[in-house]
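Trainee: Protein chains in written order, with our numbering: chain A, 1 to 382; chain B, 1 to 212.
No wet-lab data here; the hints were simulated from the structure. Computed from a predicted model, the values in this text were never measured in an experiment. Check the hints yourself; a few may be wrong.
Unchecked claim - Result set (BS3-like, lysine-lysine): computed pairs, CA atoms no more than 25 Å apart in a straight line: (1) A:K73 with A:K205; (2) A:K190 with B:K66; (3) B:K154 with A:K190; (4) A:K97 with B:K154; (5) A:K190 with B:K63.
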Amino acid sequence: MIVQNPGSIPDVYIVGDNILSPIGSTTTENFEALKQGISGVKAHHKLGISSENIIASLFENDGNISIDKNYKKFENLLISSISKAKDSLAVDYINDKTVLIVSSTKGNISLLETEEHTPELNQRVALHTSAQLVADHFGLTNQPIVISNACISGVMAILTGMRLLQSGQYENAIVTGADVISKFVCSGFKSFQALSSEVCKPFDKDRNGLNLGEGAGTVILSIHKQNPDNVKVSGGAVSNDANHISGPSRTGEELGFAIKTALLNSGITANDVGYISAHGTATNYNDEMEAKAITLAGLQNVPLNSLKAYYGHTLGAAGLIESIIAIRSIKEGYIVPSLGYTENGVSTPVNVTTLLTQKKIKHALKTASGFGGCNAAIVFSK
Amino acid sequence: MGAVTRQLYLANSMAAQKYITASCIISNNQVQLNGEQGFAGDNLGIDQLLLAVYQHFHFSYPKFHKMDNLSKLGWLAAELLLKDFDKTYYHAEQIGTVLANANSSLDMDLRYQDSIKDVPSPSLFVYTLPNIVAGEICIRHHFKGENAFFVLPKFDAGFIKQQVDYLLDHNILQACICGWIDVLGQDYEAKLYLIEKVKKENAVEFAVESLI
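The whole structure should be built from the sequences, with the hints applied where relevant.
Mentor: The structure is reproduced here in structure tokens:
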């Protein structure tokens, strides 16, 4: 065991990233689309997913994913996203000091719909099988790590990467996440009556549920800074509501605790936070709880957005995609508008940004919450 | 954020002494509690086994019967693991979970998949995530600290220990329930360990070799 001394803990930088979504296949394409208010959420009629129209952000004919016959759509998403994140880098971060961390809720579960059920299929849909295929594809020799912690998976995957690098176990981490929207996922959210019949409206008084979305996101973390503008992962925290498996806390105290602990872990106070990328699913309960938590942490006046009306809820990819936009917001000094918001719809109002706003941001906070009562918060800093 | 937690953060993060203060293994029709047999059944299917253990120890928790088998198995193992645990010694935020398995929630995924052709049920769908078992344990025992769920090809004591070490050495948690909870069809295995910094009677040092 390495004895930790705060003075010797290395900084962890985001040296590369990628967002692969229906509105773009690079981070730059995605950020430009968001700046222009372009959303990927629209009506789809896909019988394979739902007998009725579904309002979601889905890839058209899987068009911008490079398909390899050995891999299923889930792995293709991960591999494409990692390849693109890697391609922009002058240095190859793939070596024996690199670990792969995969974030997903359901991975290849759609195979249950299309393939005969056999013991081999049980192995094929296992998340660790996909992670190993992706690791092998890139020649990553260390045992890959899969995090499946509902909708906080992506944020938790970045936090886990930060810790593994800070503790000296690895020097680099490729943190990637994706989920595929299938009949399985769609019918489940529908059974919860959680799906909106229109483009979702996070934090708005007329919000009536979430949209689902497909996408992948990748960040490459390293203790070796590549560019002067590389943003740091400065801290984070995870908590549990201990209240209900499918409904969030009534008070927001537990997400509030995760936020306050994340700030402390990052060595900053509420006054230092320049921007919040909220979970903001646009369900009644989530947004209400999240607004309470943000207020409890003293962050109610900090400019905030939710990206769910652009991407839908991309489940295991959401924490990654939304973190990457937060990182780009720090680098470019822009906060993109929170689509779908016109009037406050939560009991403790938060400062929802509705216009493209120029702002110098030193520290950005990303929050997430999910089934099982889990909450996560992470801080990115210039 | 209380003053105590703040102080803990500001203090140097040191590799603290850590102990396995309880263990519970449920597999092969048996319950092993702190190394001793607590229950033995005879060729029971998983449904009967889970109910038999519940009844044998006279548990009374109506929500148990609504859970899927993964959550039932984890709930039972945690219930037994924590029978002598004094949680009032800690803040709710100082107790957490680090769990892993190989099959995620596939056992319930298959059941839910079967139900889609009729009327998809939210009470089944909610269990199609592996971390729900952690949620059930946290609800039951009022634990509000970090909870992590990993999907690994097989039980990896080194990985689990590394994750728990980080959380306890950095004072993110003071007590952690860690281990393996896996269910698929009739196959099941739970191995849970309670890790604390306080040495208690019969505690063994938290080492990879002790996580059997």
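Trainee: Take the hints in turn and mark each one as holding or not.
Mentor: Consistency of the hints with the structure:
no., hint, result
1, A:K73 with A:K205, "violated, 37 Å"
2, A:K190 with B:K66, "holds, 21 Å"
3, B:K154 with A:K190, "violated, 34 Å"
4, A:K97 with B:K154, "holds, 22 Å"
5, A:K190 with B:K63, "holds, 24 Å"
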